[in-house]
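Number of protein chains: 6
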Amino acid sequence: MHPRTRELLSQASTATITTQLLARGLRNTFLHGIKPLNPANARLVGPAFTLRYIPAREDIDVLEVFKDYDHPQRKAIESVPPGHVLVMDCRNQGRAASAGNILATRLQVKGAAGLVTDGTLRDTPEIRQLQLPTFAQGASPLTNLAQHHAVDMQVPIGCAEVAIYPGDVIVGDEEGVVCIPAHLADEIAEPAARQEDLERFILGEIQAGRPLRNTYPPDEATLERYRATTGHPPST
Amino acid sequence: MHPRTRELLSQASTATITTQLLARGLRNTFLHGIKPLNPANARLVGPAFTLRYIPAREDIDVLEVFKDYDHPQRKAIESVPPGHVLVMDCRNQGRAASAGNILATRLQVKGAAGLVTDGTLRDTPEIRQLQLPTFAQGASPLTNLAQHHAVDMQVPIGCAEVAIYPGDVIVGDEEGVVCIPAHLADEIAEPAARQEDLERFILGEIQAGRPLRNTYPPDEATLERYRATTGHPPST
Amino acid sequence: MHPRTRELLSQASTATITTQLLARGLRNTFLHGIKPLNPANARLVGPAFTLRYIPAREDIDVLEVFKDYDHPQRKAIESVPPGHVLVMDCRNQGRAASAGNILATRLQVKGAAGLVTDGTLRDTPEIRQLQLPTFAQGASPLTNLAQHHAVDMQVPIGCAEVAIYPGDVIVGDEEGVVCIPAHLADEIAEPAARQEDLERFILGEIQAGRPLRNTYPPDEATLERYRATTGHPPST
Amino acid sequence: MHPRTRELLSQASTATITTQLLARGLRNTFLHGIKPLNPANARLVGPAFTLRYIPAREDIDVLEVFKDYDHPQRKAIESVPPGHVLVMDCRNQGRAASAGNILATRLQVKGAAGLVTDGTLRDTPEIRQLQLPTFAQGASPLTNLAQHHAVDMQVPIGCAEVAIYPGDVIVGDEEGVVCIPAHLADEIAEPAARQEDLERFILGEIQAGRPLRNTYPPDEATLERYRATTGHPPST
Amino acid sequence: MHPRTRELLSQASTATITTQLLARGLRNTFLHGIKPLNPANARLVGPAFTLRYIPAREDIDVLEVFKDYDHPQRKAIESVPPGHVLVMDCRNQGRAASAGNILATRLQVKGAAGLVTDGTLRDTPEIRQLQLPTFAQGASPLTNLAQHHAVDMQVPIGCAEVAIYPGDVIVGDEEGVVCIPAHLADEIAEPAARQEDLERFILGEIQAGRPLRNTYPPDEATLERYRATTGHPPST
Amino acid sequence: MHPRTRELLSQASTATITTQLLARGLRNTFLHGIKPLNPANARLVGPAFTLRYIPAREDIDVLEVFKDYDHPQRKAIESVPPGHVLVMDCRNQGRAASAGNILATRLQVKGAAGLVTDGTLRDTPEIRQLQLPTFAQGASPLTNLAQHHAVDMQVPIGCAEVAIYPGDVIVGDEEGVVCIPAHLADEIAEPAARQEDLERFILGEIQAGRPLRNTYPPDEATLERYRATTGHPPST
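Chains as they are written, first to last, in this note's numbering: chain S, 334 to 569; chain W, 334 to 569; chain U, 334 to 569; chain V, 334 to 569; chain F, 334 to 569; chain G, 334 to 569.
Next comes chain S alone, as it looks inside the complex (with noise of 0.2 Å):
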C-alpha cells in the first residue's frame, strides 16, 4: 500500500469504496454487523493481521493455558505489525469474547492500527475509551476459551461472512468495516477520493435546491459546475 493510498483511503467512507468494490464486481466486502465500539474513533486503514478461532473444548480450553505466553492468542497480539489490523476470525459466534481490554490497550500501544473481531469483546466500557479503532458484533463479558480457541495466524479467514487475505486492506468508518482485496487498494484510493469530492459537490447542489434529474447523477452540465466550482476533474 502506497502512503498515498492510506492517505487517500483514510478519507473515504464504507460506501464509497463499497461502490468502487461493487463496479470492480465485488459485492461482498463489507462486513455486515459489525459496528464500530466507539464511533468516534472509527476511522481506519491498514493491512489485516488474521487469528483464526475454532470452537473451544472443555478438557483443552481451560483458565491454565494463558500460563504459557506463547498461546496463539497472545502471540497473535505480540506479532501484530505497527500500522496493521489485527483481523479475528470467531465464526461469527459471540458467546464468549474474542479478547479484552488488556489485550487491546497492548495492541494500541504497540502501534497497531485497528482490531475487528466477528465476535465479541469484553471490558467495553473501558475499550470504548482507547483510541484504536474497534469493531465487533458486540459485548460479552466471558473470557474467550468458553467459546473460541486461538489456533494459527497468517492465514485466509472469513470475518463476518467475507473473506480476509493477510494483508487486504481493512477500513473503518461509523457505518463499518471494508475489506479491500490487497491488489485493488491503490487501484481505488484515487477513483474513490474523487467520488467523495464530486459527490460532496452534489450534496450542496440538493441541499441548495436542485431535484435530482440532472444533478444526481450528474448530468454534463451538472458536471461542467462541479469543474468549474472546485477546479477538480470530475471522477468517473
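Just so you know, these hints were derived from the structure itself, not from any lab. Note that this is a predicted model, so its numbers are computed, not measured. The beta-carbon is built from N, C-alpha and C at its ideal position, and this holds for glycine as well. There's no promise every hint is true.
[Stated by the list, open to error] Taking lysine to aspartate or glutamate and the EDC-like style, the derived pairs with C-alpha atoms no more than 16 Å apart in a straight line are: (1) K443(V) x E538(G); (2) K400(G) x D552(F); (3) K408(S) x D485(S); (4) K400(W) x D485(S); (5) K443(G) x E411(G); (6) K400(V) x D552(G); (7) K400(F) x D552(V); (8) K368(S) x E494(S).
[Stated by the list, open to error] Rough simulated footprint, nothing fancy, chain W against chain U, three-plus residues with beta-carbon under 8 Å: (9) 390-403; (10) 407-414; (11) 433-440; (12) 461-475.
[Said to hold, decoys possible] Where chain S lies over chain G, by a calculated footprint (3+ residues, C-beta under 8 Å): (13) 358-367; (14) 383-391; (15) 530-541.
Using the hints, position chains W, U, V, F and G against chain S.
Below, chains W, U, V, F and G alone, put in the same frame as chain S:
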C-alpha cells in the same frame, strides 16, 4: 387526516397509539426492529407514500441504471408530497441500503415528513445530522442495487411485517414506528391524547408514593382526583 | 448475602464475575442479548425476585384484566422487597413489552435494586431517565398482554436461557447481567475484588509498555511488583 | 371432554380446527415448528399434562440426579393419566433432548395418548417405531440435563410460543399440533366435523372440474347439492 | 419458451441450471429453503405466473372475504394459464399457509404446471398425493388470512429472496426450484443438456475408478473418450 | 484407534456416546443441525480428515479454477485415506454446496468411511443412492465456489460449532454426527457398549410393564436381574 389529528398524534407516544389500536382489535401495527437513526428527531407524523423493492438481479441492477432519472427509486423520492412519509418495503433485508444521504437530503428539502425503511440506510453518519426523522433496521454502506430493485410505488406493501397502505398514518417516536390505518387516525387521536394526559397524572401519583392498587389503572377516586387536579375529563 | 458481599460485588465487573464462575465450572451465567437501557445507571447488585410469563391467549389476556389489582404482574411489582431485583422470564420474546414506565417507577419508589427482562420494555424514553438499573433486549411500545401472560412469581425461571432461582444474586454493569447462584455469592466476592485489583495493576504495566510475556498473566516477578506497589496480596 | 368430542376431534384435521378457533378470535393455537416423528401415527387427541423445564446449571444438573426416582422429569412421566398428552416446555431449545426412548416407551405402556415437546427427542430411530404419537422440533442425542432442568408439572406453560393450560385439548395430525382451550373443545367438535364433511364434498366438485366461483366457498346452489347428495345439513 | 427448451429443461437438474446461470453472472437464482412436498413429482418446468401477498390486517382479512369470488387469491388461481407455474411471494413467512388442497387441486385440474411459495401450505397430507409439483418452506394448517393478504398478481415479486418476473422460467427438481430469467431460457437449455450428458459420462469414469485428475473436469483425452463413446460433441 | 474400538463404536448410538463424553466433562460434541442424507446408510465410524473453506471472492473463485487438478478441494478428496471421514468446515453456511455427486462418488470408490459437512451438498438425489454415509445441513444445487473457497486441509476446524482435530473419531447414526476427541476413543468404546447392552435390558423391562422406579436408572436388584439374564457385567 384533520390538522387537529396531526397535532394530537404528534404528541402521542407509540406506546399509547398501539394500545388504542389494540383496543380496536389491531395487534400488528408496530414495525418491530426499526429504530430511529437520530432519536433527537424521532417525532414523526404523516401519511405513508410507499415504495416497493424486490430482490436485485445482476444483469438488470447495474450501476448504470441510475443514469435514468426516471428510475423508480429516484422517481419515488421526487414524488413524495410535502408532509408525507416515504415508507420502503425492503423485505426486511439490509445487506444493501435502501437509500443514502443525498436522497434523504432531497426528501428533507422537498418537505417530506420522514423516511422509514425495513432495510438499512447508508451514509448514516451524515443522515444522523439531518432534521428529517429517519427510521431503519441499521446501517449498511452498500448501494441499494447490490440487493434491491425498486419496482413500483404507491401500492400496498409490507414493512417490517406490518401492512402499509398508501395514506395510512405513520407515527414515530424514540421507540420506533407505528402504522395507523387511514380510517382510524381521526378516531383515535383524541382518546390517545386523553390517555396520555391521564397517564401523566397517574405517573405523578406513583412518583409521590401511591401503590398500584386503586391508582393504576385508576379507580373512581383516582379519576376524581385527576378531574379535580387537571380539570380534564377522564379518558376511557 | 453478607453486606460485605454486596459491597464487593457492586465494584466487580461482569467480566470478572463470569471468570470466577467459569473457574468453578459454571459456563452459562451471563444473560446474552440483554443490555442496560441507561448505561450510566447500570451498576446493579441484588437478590432475584422472579416473575414468569407464558404466551398470551386472546380470550384471557384482554385489556380489562388490569382492572384486577391482584393481577400477577401487578402483584409481583408490589411484592419485590427493597434491594431485590425483579427478573422476568419472557421466553426471550419481545414483540410486546414486559412492563412500562409506570411500573418501573413504582419499583424505583419502593426501593427495588433493579429490573431485568429477557423481553422488551415500553416507554423507554422515560425509563432511560430513571435511576433504577434496567436491562432488556430492547424496546417495544406494545402492552404486555399482546404477547405475554403473567402467571406466577418466585418460581425458578429461565431468563435469556440462564437459570434464575429466587434469591440468586444478580449483578449488572454496562456489558449486561450475570446471575450468581445464591450459594456462591459470598464465596466469589473476595476473589473477584482481588482479581480486579490485580488486573488494574497489570493494565497499568501494559499501558507503560510492558509486553504480555511475564505480565499477563503475571509471573512471580510481576506479582512481586504488584505486592510491593499496592501492598495487596495477589489474587489466585 | 365428552367421549363424543374425542371421537369427532380424532377425525378433524389441524387445518379445520385452527379455522374453527380463528373464527372464535384465537390466532395463536398451532405449535409452529413441531412435527410428528412418525407421521403414520400422528393422529392424537387428549388433555394436556404439562411439564416445565428451565435452563440447566452445571452444578445442579449432573448425571447423578437421575438416581432420585422422584426427580421431576421421572415423576411427570409416571403421573400422566391414561389418555392424556405429556406436553413439555423446553423454551423451544433443542440442543439437548427432552426425553428418550425408554421414557417414551414407559408413556406408551402406561396408556398415554401422546408426547409433545418444543425441544428435541433422543433415540429417535427407536421412537419412530412406537405407536405413541410423538411430536418434536427434531432429534438430538444429548441427554436432557445438558441443557434442561425439569422443575415442575401441571402448571400453565408455553410450548412453541403457544399457551398450554393443564387440561387443554391437544390435537395432532401429520401437519403438527394444535391446542384447543379446554372450554372450547366441546363447542368446536361438531362444527369441525361438519366443516370437514362439507369440504370433502367441495373437493369432489373441484376434482370434477367445477371452478372456484360458486363452489368454494359454496353458494346456496352448491350447498343444496351437498345436502341432496349427502343428506347432511351444511356447516356454517 | 420454445417447446424444445421445455423438453431440454425438463431433463436438466437445478444443479446444472444454476451452474449455467452462474457462468452468465447470475448468482442468486435458487430459492433457498423451498422444498418439494412430493419429491416423486418434483420435476417442474413452466413460465411464472405471480401472486403477491402483503401482511394481513385484522379488520380487513376476515373469514368473510372469501365470499367474494373475485378475491385476488381466488382470481389468481383461476387465471394461471395451462402449463404455467403459480409463484407466490409470502415474504418468506409461513405461520399461515399460502393455499390449501382445494386450491391446489383446482390448479391441477386447470392444467397448471406447478405451485411454488416461499411460505407454507396447508392440507399437506392431501397435497402430497397430488400430481402437481408443489414447493414450499413447509406446512402450516392456518388459513392464509391469519397472516397474508393477497394484493395483486402478475407483478414482479421476490420469492425466497430471488427476483421473479412474470414469464421467467421456473424449473424444479428434488433439490428445489431455480428461476431462469425469461431471456436466458432458450440460451441455456442446450448447454445444460450437454453439460448433463458429459457429467453422466464423467460419473461413469469415476465409478470405474479413475481419479479426479484429468477426468473432472475432463481434459482433452477424457473429452475424446466421451466423444468416441457417446458420439456427442462436448459441452463447453 | 484399535480395531476393537472401531467395532464397538460402530454399534454404539450417538445418544450413548454423547452421554459417555458428557460424563467426562465434554458437552459440545454433537454436530447440531447436521442430518444423514440417506438414513439407511447412516452408520459411520472413522478418523477425521479435515478440509477448511473460507468465504468465496468473485475475482478468485471463478469456474475456471477447477481446471487446476491441484485445487485444494480436489486435492483433499484425493488425499482422504481409506477408512477416514472427510469433514468440511463451511462455517455452517449452505447457500452453495460443499461438494456434489461426482466428488462423493470418488470418495466412495477410494474407500473413504464417510462425508460430513456443516454446509450443504448438491446432486443429493444421486448422493442419496450412494453407500457412503453422508451428512449435511441440507441440499443446495449451487456449485461451491459461489460461496466457498477451499483453502487448506488437515488443520483443526470447527464443524457445526464443534471443534474437530484431524484424527478425532467421527461417529454417525440416524440422529447425526458426534466427534470423539482422539485420545478418548479407546477409553469410551467399552463403556459405551456396556451402556447400550444394559439399556437394551432396561427397555425390555419397561416394555414388560415395570415402572421407572428401581428400573431406570437400575437399582441393585435390577442390575442383579440384568447380570443373571445376560451374563454380562453391569456398566457403570
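Here is what the structure says about each hint:
The suggested pairing of K443(V) with E538(G) holds, with an alpha-carbon distance near 13 Å, which does not exceed 16 Å. Between K400(G) and D552(F), the direct Cα distance comes to roughly 8 Å. Compliance with the 16 Å bound is thereby established for this hinted pair. A distance of roughly 10 Å separates the Cα atoms of K408(S) and D485(S); the hinted pair therefore holds under the 16 Å criterion. Taking the CA atoms of K400(W) and D485(S), the gap is about 47 Å. The hint is violated against a cut of 16 Å.
In summary, the hint linking K443(G) to E411(G) is supported, as the alpha carbons are separated by about 8 Å, within the 16 Å threshold. Simply put, K400(V) and D552(G) have alpha-carbon atoms about 8 Å apart, close enough for the 16 Å limit, and the pair holds. Using a Cα cut-off of 16 Å, the hinted pair K400(F) and D552(V) holds, with the two alpha carbons roughly 9 Å apart. With a CA separation close to 15 Å, the supplied pair K368(S) and E494(S) stays within the 16 Å bound.
Only when three residues or more bring their CB closer than 8 Å to a CB of chain W does the claim for the stretch 390-403 of chain U stand; here the count is 4, and the claim holds. Three residues within the 8 Å Cβ limit are the bar, and the stretch 407-414 of chain U against chain W gives 3, so the coverage statement holds. With 6 residues having a Cβ less than 8 Å from any Cβ of chain W, the stretch 433-440 of chain U passes the three-residue criterion, so the hint holds. Here the stretch 461-475 of chain U counts 4 residues with a CB under 8 Å from a CB of chain W, which clears the bar of 3, and the coverage holds.
Only residues whose beta carbon comes within less than 8 Å of a beta carbon in chain S count, and the stretch 358-367 of chain G has 4; three or more means the coverage holds. Only residues whose C-beta sits within less than 8 Å of a C-beta in chain S count toward coverage, and the stretch 383-391 of chain G has 5 of them, enough to reach three; the restraint holds. With 0 residues having a Cβ less than 8 Å from any Cβ of chain S, the stretch 530-541 of chain G misses the three-residue criterion, and the hint is violated.
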